[in-house]
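Chains as they are written, first to last, in my numbering: chain A, 733 to 871; chain B, 733 to 871; chain C, 733 to 871.
I should point out that these hints are in silico values taken from the structure, not numbers from a laboratory. If you're wondering where the values come from, they're calculated on a predicted model, not measured in any experiment.
Straight-line Cα separation of at most 20 Å, SDA-like style, residue types lysine to any residue; simulated pairs: (1) B:LYS766 / C:THR737; (2) B:LYS748 / B:LEU782; (3) B:LYS748 / B:ASP818; (4) C:LYS736 / A:GLN734; (5) A:LYS736 / C:GLY840; (6) A:LYS766 / C:MET733; (7) B:LYS748 / B:ASN786; (8) B:LYS736 / B:LEU866; (9) C:LYS766 / A:GLN735; (10) B:LYS861 / A:GLY845; (11) A:LYS736 / A:THR757; (12) C:LYS766 / B:MET733; (13) A:LYS736 / B:MET733; (14) C:LYS748 / A:LEU828; (15) C:LYS736 / C:THR757; (16) B:LYS861 / A:GLN846; (17) B:LYS736 / A:ASP839; (18) C:LYS748 / C:LEU828; (19) B:LYS766 / C:LEU865; (20) A:LYS766 / A:LEU838; (21) B:LYS736 / A:GLN841; (22) B:LYS861 / B:ASP751; (23) A:LYS736 / B:GLN734; (24) A:LYS736 / C:ALA842; (25) A:LYS861 / C:GLN846; (26) B:LYS761 / B:GLY840; (27) C:LYS766 / A:GLN734; (28) C:LYS766 / C:LEU844.
With the C-beta cut set under 10 Å, the calculated list includes, among others, these residues of chain A facing chain C: (29) LEU833; (30) ARG863; (31) LEU866.
Computed list of chain A residues with no C-beta within reach of chain C, every gap over 12 Å: (32) THR744; (33) HIS745; (34) GLY746; (35) LYS748; (36) ALA754; (37) GLU755; (38) THR757; (39) LYS766; (40) THR767.
Yeah, the Cβ is synthetic: ideal placement off N, Cα and C, and Gly gets one too.
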Amino acid sequence: MQQKTHQITVPTHGRKLYDITAEVTGWAKSSGIKTGMMTLYIQHTSASLLINENYDHDVLVDMEAFFNRLVPDGDPLFIHTVEGPDDMPAHVRTALTQTHLSIPLLDGQAALGQWQGVFLYEHRHIAGKRRVLLHLIGE
Amino acid sequence: MQQKTHQITVPTHGRKLYDITAEVTGWAKSSGIKTGMMTLYIQHTSASLLINENYDHDVLVDMEAFFNRLVPDGDPLFIHTVEGPDDMPAHVRTALTQTHLSIPLLDGQAALGQWQGVFLYEHRHIAGKRRVLLHLIGE
Amino acid sequence: MQQKTHQITVPTHGRKLYDITAEVTGWAKSSGIKTGMMTLYIQHTSASLLINENYDHDVLVDMEAFFNRLVPDGDPLFIHTVEGPDDMPAHVRTALTQTHLSIPLLDGQAALGQWQGVFLYEHRHIAGKRRVLLHLIGE
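Turn these sequences into a full structure, and let the hints guide you.
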């Protein structure tokens with residue numbers, strides 16, 4: 733049994749879903765591990781992780797439309813507005829999605845379903861650099 | 733330290749929560765591993781996983797009522813309607829629940845709480861076959 | 733490769749986010765494991781786990797304000813009201829947040845981001861004792 737760790741940095745330029753599937757699955761494949769468990773962990777509270785459909789780009793547009801309506805920027809409900817009208821909505825959106833993802837590794841590959849992609853969901857409108865830790869255990 | 737992997741197929745016949753507790757905990761028990769971590773992973777983007785109360789069936793009815801109101805079918809907000817009015821809502825519901833679950837194994841058993849059950853949440857109205865990968869590491 | 737397990741009990745006194753960061757990271761540090769994966773698992777269906785900002789207390793106030801509006805107590809939509817108007821909302825809030833969290837361990841420490849804290853989210857108004865299982869694998 734062995735472990736591998738890795739870190740990726742995702743440059744973001746405003747609120748949207750960034751496809752990190754190729755980078756994540758590429759690292760898993762290059763690890764040499766055949767069977768195991770990969771875990772992704774994002775070290776932020778205003779950006780999150782999500783597995784969703786990566787075939788039709790409209791899904792990403794609709795996903796953002798939904799979250800934008802559910803957690804509107806500048807909602808007078810919020811008192812934590814230090815960094816602007818998208819500050820607290822970014823924390824709520826993070827709470828409603830994922831800070832970590834676990835994906836099995838089978839036959840030396842991340843066992844994503846046919847239509848699944850791995851996304852980093854940037855919830856702030858500003859540009860940033862987001863850190864995602866990757867961990868793999870197996871043999 | 734050792735690993736075990738398994739795959740289960742859950743036949744679904746419309747939108748609802750399907751109890752897979754017995755199948756999942758039975759596999760864990762039969763693995764021979766005493767202490768470890770079990771991870772479930774669903775390879776779909778319009779069905780998800782959820783741990784919730786499995787004692788009173790009304791909880792499942794109410795859970796569906798809530799999600800149905802929060803993410804209504806046929807919402808004019810959505811442009812991704814290729815597979816019908818429940819297509820995009822299924823992706824959103826998946827994003828709001830879980831694609832993977834991790835459950836510790838203690839004393840040779842999945843350490844679920846007294847009232848916890850493991851469910852596959854089918855979000856489409858059509859029938860289908862859903863694949864869930866199981867992974868167990870421990871000793 | 734080795735495993736460690738632990739259990740913590742969090743006394744709660746009503747609905748709010750309880751910061752368990754110090755207890756969780758302290759245990760990870762004391763384990764002697766340098767690189768690995770820690771998983772937290774809560775054995776309840778009306779309390780959950782959440783990683784979010786732990787710097788400005790207003791974030792916790794706003795988070796609760798959001799969930800209180802999204803899943804109101806006493807909602808006539810719900811039929812499962814056995815334990816009161818906060819019973820079913822507690823199950824829904826649990827479904828929308830996390831029953832388990834995975835956090836990598838690097839250099840002998842839980843690799844939380846700078847502003848991340850680990851919280852137990854009590855969704856009931858009554859007092860209780862909540863069990864969280866901790867599992868660590870690594871070397």
